[in-house]
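Enquirer: Each chain, letter by letter, is given below.
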Amino acid sequence: MAERRKFKKRYCKYCEMKVDFIDYKDLNLLKFSLSERFKIMPRRLTGNCKRHQELVTVAIKRARQTALIPYIVDRKNVVENPFELIK
Amino acid sequence: MNNYETLYVLKPTLTDEETAANIAKIEDILVKNGAEILATNKMGMRRLAYPVQKNERGFYTIVYFKAAGNVIAELERNLKFNEEVIKYLTVKYTKKKEIAQFEKLVANANQVKEEPKVEETPATTEEVATTETTQA
Numbered sequence: 039m040a041e042r043r044k045f046k047k048r049y050c051k052y053c054e055m056k057v058d059f060i061d062y063k064d065l066n067l068l069k070f071s072l073s074e075r076f077k078i079m080p081r082r083l084t085g086n087c088k089r090h091q092e093l094v095t096v097a098i099k100r101a102r103q104t105a106l107i108p109y110i111v112d113r114k115n116v117v118e119n120p121f122e123l124i125k
Numbered sequence: 002m003n004n005y006e007t008l009y010v011l012k013p014t015l016t017d018e019e020t021a022a023n024i025a026k027i028e029d030i031l032v033k034n035g036a037e038i039l040a041t042n043k044m045g046m047r048r049l050a051y052p053v054q055k056n057e058r059g060f061y062t063i064v065y066f067k068a069a070g071n072v073i074a075e076l077e078r079n080l081k082f083n084e085e086v087i088k089y090l091t092v093k094y095t096k097k098k099e100i101a102q103f104e105k106l107v108a109n110a111n112q113v114k115e116e117p118k119v120e121e122t123p124a125t126t127e128e129v130a131t132t133e134t135t136q137a
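Same order as they appear, the protein sequences are chains A and B. Last residue of the first sequence? That's 125 in the numbering used here, and every number before it is there in order. Last residue of the second sequence? That's 137 in the numbering used here, and every number before it is there in order.
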């Protein structure tokens with residue numbers, strides 16, 4: 039049981055920061071909602087509210103299109119520290 | 002007139018002059034079509050998250066401008082033809098909150114350049130329509 043709850047339920051970080059709009063170029067804002075492999079984290083794990091999750095989803099998808107963040111991180115070209123890479 | 006933001010990535014192999022020339026060319030297209038350029042932000046050379054046309058790096062530039070909708074088609078047509086441009090994305094800002102953010106971004110971009118421009122505060126357009134325009 040303890041293992042299943044790896045992430046404890048949290049409040050919405052974006053609400054706390056009073057973010058009105060998430061810019062796709064602002065990678066620091068997107069980081070909260072990305073997994074190590076640059077997948078979009080589900081709301082149940084991050085605790086984002088619905089409104090901000092929708093905003094961040096659009097932003098992440100745009101960032102992917104413009105090669106700011108990768109679509110996938112696979113085993114073929116492993117990077118030591120992926121978040122260092124994008125800065 | 003709508004608020005738009007276009008991000009495009011130039012090839013890393015270009016020299017500084019060529020990069021500047023390409024940026025000027027793209028802005029020229031905008032001006033010719035009656036767009037009003039509010040700000041440009043050169044994010045500079047950065048690593049791409051994945052190789053694009055075998056390039057590992059790219060020169061990022063963002064243009065903020067006001068234009069009628071039909072300008073976008075013309076702009077993107079040109080971006081597509083331009084072989085030095087490897088990626089582009091245009092985003093439209095329609096909702097009130099987005100417009101507020103847009104103005105902030107423009108102000109930021111101008112601040113970086115240290116050009117105290119006149120504050121642009123357009124009458125807020127109607128709060129309708131969708132946001133997304135195009136894809137890269």
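Hint data in this document are derived by calculation from the structure and do not stem from the laboratory. For each residue, glycine too, the CB sits at the ideal point set by N, CA and C. Misleading hints may appear alongside valid ones.
Chain A residues, not near chain B, derived (Cβ > 12 Å throughout) [to be verified]:
# : residue
1 : Tyr49
2 : Glu54
3 : Ile60
4 : Tyr62
5 : Asn66
6 : Arg100
7 : Arg102
8 : Gln103
9 : Val111
If you anchor each label on the Cβ, the simulated ranges turn out as follows [what the hints assert, rightly or not]:
#  : chain 1 : residue 1 : chain 2 : residue 2 : range
10 : A       : Cys53     : B       : Lys105    : 42 to 50 Å
11 : A       : Leu83     : B       : Asp29     : 23 to 31 Å
12 : A       : Leu83     : B       : Pro52     : 38 to 46 Å
13 : B       : Met2      : A       : Lys99     : 23 to 31 Å
14 : B       : Met2      : A       : Lys56     : 47 to 55 Å
15 : A       : Arg82     : B       : Asp29     : 47 to 55 Å
16 : B       : Glu18     : A       : Cys53     : 43 to 51 Å
17 : B       : Asp29     : A       : Asn66     : 14 to 22 Å
18 : B       : Met46     : A       : Ser73     : 38 to 46 Å
19 : A       : Tyr49     : B       : Lys105    : 22 to 30 Å
20 : A       : Pro80     : B       : Thr16     : 24 to 32 Å
21 : B       : Ala108    : A       : Met55     : 13 to 21 Å
Listed below are the simulated DSS-like cross-link pairs for lysine-lysine, each with C-alpha atoms no more than 27 Å apart in a straight line [as the list claims (entries may be wrong)]:
#  : chain 1 : residue 1 : chain 2 : residue 2
22 : A       : Lys88     : B       : Lys26
23 : B       : Lys88     : A       : Lys99
24 : B       : Lys33     : A       : Lys56
25 : A       : Lys88     : B       : Lys81
26 : B       : Lys96     : B       : Lys26
27 : B       : Lys98     : A       : Lys63
28 : B       : Lys55     : B       : Lys33
29 : B       : Lys88     : A       : Lys63
30 : A       : Lys63     : B       : Lys26
31 : B       : Lys98     : B       : Lys12
32 : B       : Lys96     : B       : Lys55
33 : B       : Lys81     : A       : Lys69
34 : B       : Lys93     : A       : Lys99
35 : A       : Lys99     : B       : Lys33
36 : B       : Lys98     : A       : Lys51
37 : A       : Lys63     : B       : Lys97
38 : B       : Lys12     : A       : Lys56
39 : A       : Lys69     : B       : Lys67
40 : B       : Lys105    : A       : Lys88
Enquirer: So, for every hint listed, does it hold in this structure?
Expert: Hints and how they fare:
1. Tyr49: 21 Å, holds
2. Glu54: The claim holds: glutamate 54(A) sits with its nearest Cβ about 18 Å from chain B, beyond 12 Å.
3. Ile60: 9 Å, violated
4. Tyr62: Given a closest Cβ separation of 8 Å, the condition is violated.
5. Asn66: Holds: least Cβ distance 14 Å, greater than 12 Å.
6. Arg100: Non-interface label on arginine 100(A) violated, nearest chain B Cβ at 6 Å vs cutoff 12 Å.
7. Arg102: It is violated; arginine 102(A) is separated from chain B by about 8 Å at its closest Cβ, not greater than 12 Å.
8. Gln103: 4 Å, violated
9. Val111: 9 Å, violated
10. Cys53(A) to Lys105(B): 42 to 50 Å: 19 Å, violated
11. Leu83(A) to Asp29(B): 23 to 31 Å: 48 Å, violated
12. Leu83(A) to Pro52(B): 38 to 46 Å: 30 Å, violated
13. Met2(B) to Lys99(A): 23 to 31 Å: Once the Cβ atoms are compared, 27 Å apart, the range 23 to 31 Å for lysine 99(A) and methionine 2(B) holds.
14. Met2(B) to Lys56(A): 47 to 55 Å: Distance hint for methionine 2(B), lysine 56(A) is violated at roughly 29 Å.
15. Arg82(A) to Asp29(B): 47 to 55 Å: 49 Å, holds
16. Glu18(B) to Cys53(A): 43 to 51 Å: 47 Å, holds
17. Asp29(B) to Asn66(A): 14 to 22 Å: 34 Å, violated
18. Met46(B) to Ser73(A): 38 to 46 Å: 28 Å, violated
19. Tyr49(A) to Lys105(B): 22 to 30 Å: 25 Å, holds
20. Pro80(A) to Thr16(B): 24 to 32 Å: 46 Å, violated
21. Ala108(B) to Met55(A): 13 to 21 Å: Cβ of alanine 108(B) to Cβ of methionine 55(A): about 20 Å, so the range 13 to 21 Å holds.
22. Lys88(A) to Lys26(B): Answer violated: lysine 88(A) to lysine 26(B) is near 42 Å, above 27 Å.
23. Lys88(B) to Lys99(A): 14 Å, holds
24. Lys33(B) to Lys56(A): 39 Å, violated
25. Lys88(A) to Lys81(B): Cα-Cα ~36 Å, so violated.
26. Lys96(B) to Lys26(B): 30 Å, violated
27. Lys98(B) to Lys63(A): 17 Å, holds
28. Lys55(B) to Lys33(B): 33 Å, violated
29. Lys88(B) to Lys63(A): 14 Å, holds
30. Lys63(A) to Lys26(B): 24 Å, holds
31. Lys98(B) to Lys12(B): 34 Å, violated
32. Lys96(B) to Lys55(B): Cα-Cα ~37 Å, so violated.
33. Lys81(B) to Lys69(A): Distance ~30 Å between lysine 81(B) and lysine 69(A) Cα, so the pair is violated.
34. Lys93(B) to Lys99(A): 15 Å, holds
35. Lys99(A) to Lys33(B): Roughly 31 Å between the alpha carbons, so the hint for lysine 99(A) and lysine 33(B) is violated.
36. Lys98(B) to Lys51(A): Roughly 19 Å between the alpha carbons, so the hint for lysine 98(B) and lysine 51(A) holds.
37. Lys63(A) to Lys97(B): Judged against 27 Å, a Cα distance of about 20 Å means the pair holds.
38. Lys12(B) to Lys56(A): 37 Å, violated
39. Lys69(A) to Lys67(B): Violated - the C-alpha atoms of lysine 67(B) and lysine 69(A) are around 30 Å apart, more than 27 Å.
40. Lys105(B) to Lys88(A): Cα-Cα ~25 Å, so holds.
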